[in-house]
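Undergrad: From first to last, the protein sequence lines stand for chains W and C. All the letters of the first sequence, read from the start, carry residue numbers 1 to 121 under the numbering used here. All the letters of the second sequence, read from the start, carry residue numbers 1 to 554 under the numbering used here.
Calculated from the structure, these hints are not laboratory results. Hints may be right or wrong, so weigh each one.
Unchecked claim - In silico SDA-like cross-links for lysine to any residue, where the CA-CA straight-line distance does not exceed 25 Å:
#1 C:K256 x W:V76
#2 C:K256 x W:R70
#3 C:K256 x W:L82
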Amino acid sequence: MPPSVVAPAAPAAPAAVEAGQVYRSVQQSPAFQQIRRGYRGFAFPATGLFLGWYLLYVCAQAAAPGLMRRQVAGPVNVAWVLGLLQFASTFLLTWLYARNARTERDRAALGLRWDTQDQLR
Amino acid sequence: MSGTLAPTAAAPEVTTVAATADTSGHHGLAVALFAVVVLVTLVITLWAGRRGQAAEDFYAGGRGFGPLQNGLALCGDYLSAASFLGVTGLIALYGYDGVLYSIGFLVAWLLVLMLVAELVRNTGRYTLADVLAVRMRRRQVRAATGAASVVVSLLYLIAQMVGAGSLVALLLGTGAGAAKAWTIVGVGTLMIVYVTVGGMRATTWIQIVKALLLLAGSVLLTVLVLARFHGDVAELMRSAAHRSGAGAAYLEPGLKYGGGPTSRIDFVSLGLALVLGTAGLPHILSRFYTVPTARAARRSTVWVIALVGGFYLMAVVLGLGAGALVGAPAIRAANPAGNTAVPLLALDLGGGAGSTAGVVLFALISAIAFATILAVVAGLTLASSAAFAHDLYARAWRRPDEREVTERQELVAARTAAVVIGAAAIVLSLFAQRLNVAFLVGLAFAVAASANLPTLLFNLFWRRFTSRGAVWSVYGGLVPAVVLVAFSPVVSGAPGSVLPGVDFHWFPLENPGLVSIPLGFLAGWVGSLTSREEPDPEAYAELEVRSLTGAGAV
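Full structure from sequences and hints, please.
TA: As structure tokens, this is what we get:
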């Protein structure tokens with residue numbers, strides 16, 4: 001990430017106001033907007049997905065007990081399969097989130113961190 | 001234990017267990033191992049206490065822990081005796097419904113991973129209220145969040161200590177009330193020593209040691225159970241169902257949470273509280289300050305999900321194993337809630353009754369359960385004393401014209417608070433011994449999800465959130481949660497109520513989450529929209545930039 005994307009804050013302003021302006025200008029910089037999009041674009045839909053999927057699973061016990069009792073293989077029924085899928089989806093989403101953060105925004109965030117701290121000094 | 005088990009000795013299939021429980025040999029070894037656990041934790045405490053006495057050391061353990069270390073410590077904080085003994089007992093007795101209960105505890109970590117861990121690490125110093133203080137500089141905000149943190153930790157603490165009393169009494173084979181009371185006093189005193197002498201560094205190391213012991217013990221027992229069934233999980237499920245007395249229903253939903261429409265909705269309410277509550281637990285949030293960076297906070301959460309997920313998968317095997325090998329009647333006879341299913345399973349796996357291996361394994365697993373109790377109460381005491389000293393005493397209760405509290409004074413207040421809160425928890429636990437532990441844990445999660453989570457999420461992600469919204473969402477979640485419980489069947493009007501003989505309940509559910517969590521979010525939203533003060537865009541810019549980049553993080 002090029003360090004020059006953030007406009008320097010006005011040097012004459014008092015310290016507190018100046019810090020506020022630095023944060024405002026960093027917030028509006030394209031580099032930050034990209035980090036923010038990268039983070040929210042993954043975390044928000046993923047959160048909606050796993051919360052919805054978990055609530056669906058919990059409500060299914062109350063709403064569709066007949067379906068949950070249906071046998072799948074041996075002693076295993078639909079309820080057990082869905083339960084084990086909850087484990088599987090949790091592990092999968094964890095891996096995807098960690099990979100997304102590592103490849104998409106860790107480096108840019110670190111660059112912007114030093115950049116912002118330089119301006120605040 | 002000998003007294004409670006005596007009637008079952010007549011039943012042929014449980015004679016082995018009952019006979020060994022009657023002999024007190026394995027309790028002697030258990031007592032010796034308990035003493036070892038206490039000794040080791042005290043040595044850790046003294047060693048850690050000498051390594052630094054600054055606020056950074058006391059609240060955050062010096063911020064030098066690695067992701068795996070913090071991941072283990074988070075597991076230590078999270079996998080309480082209620083998980084190790086309670087969930088496995090539930091699975092042993094109720095089969096599938098026990099598994100259903102445990103899943104919420106795991107899925108909850110995705111919320112922590114995606115929305116909370118990194119951002120909290122980047123913006124806070126020691127407590128939950130610190131994260132809000134980046135944007136909201138009013139003292140009322142800190143007072144509200146600090147108070148909610150103390151309430152949540154105290155509820156959870158009482159749950160753990162009440163559980164500790166009956167568990168240790170069970171494991172040591174003394175069913176008498178005096179033994180439970182002395183256990184509560186002993187555990188309470190130990191946790192005060194850990195926290196005041198060793199602070200966060202000692203608490204973290206105790207958690208790490210305990211988590212390793214707990215995972216090693218679980219792996220050992222899981223391997224033994226699977227070996228007994230020659231790796232045939234279907235056979236394990238069938239024989240657990242066969243010996244449960246419930247037959248096919250054991251492997252289907254509804255054995256525990258299927259009593260009727262109310263009971264099913266109650267479970268949905270509990271499930272919601274479990275999955276949303278974890279991200280608002282102060283003792284979990286403060287763990288993220290023990291690692292140096294947000295990246296380390298994320299990696300520690302990934303470790304937690306791997307370890308906690310693995311643990312709950314093993315818990316399924318252990319619960320089914322206890323159901324299949326010990327049998328539901330023997331488990332119920334030892335403890336109606338099934339809390340001793342795993343120690344009894346260990347006894348059976350080692351060779352049962354008089355065998356040396358059985359006695360050693362029983363004592364080992366009991367000692368691990370004891371270490372679990374000690375570690376969790378220490379983490380909770382630390383979190384509540386931090387919220388009291390750092391948020392309430394040093395900041396919220398100061399007028400702006402007063403002199404600032406020095407770090408030294410704040411730490412004295414924190415240690416004093418640990419002693420006072422610990423003593424209060426001991427006294428309250430002695431009076432709360434009649435309360436159901438699982439209910440208390442569910443309530444703590446419900447309050448965390450209703451009061452702490454809406455405030456935290458609005459603060460991190462909503463530009464128009466104001467101080468008034470923050471105060472409203474804390475009280476708008478906290479007050480309904482507590483009031484609804486007061487008028488629920490838990491307190492009056494049901495056979496197992498706290499106040500038997502009177503009936504003033506009108507709220508049908510035992511867990512208030514389904515109503516109080518939406519109310520907390522609603523209150524924060526309405527409070528923000530109706531407040532006269534304009535949200536400060538610069539403060540939100542600062543929070544957003546800091547939370548996502550780590551600029552200015554300590």
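Undergrad: Let me make sure I understand: some of the numbered hints might not hold for this structure. Which ones are they, in numerical order?
TA: none
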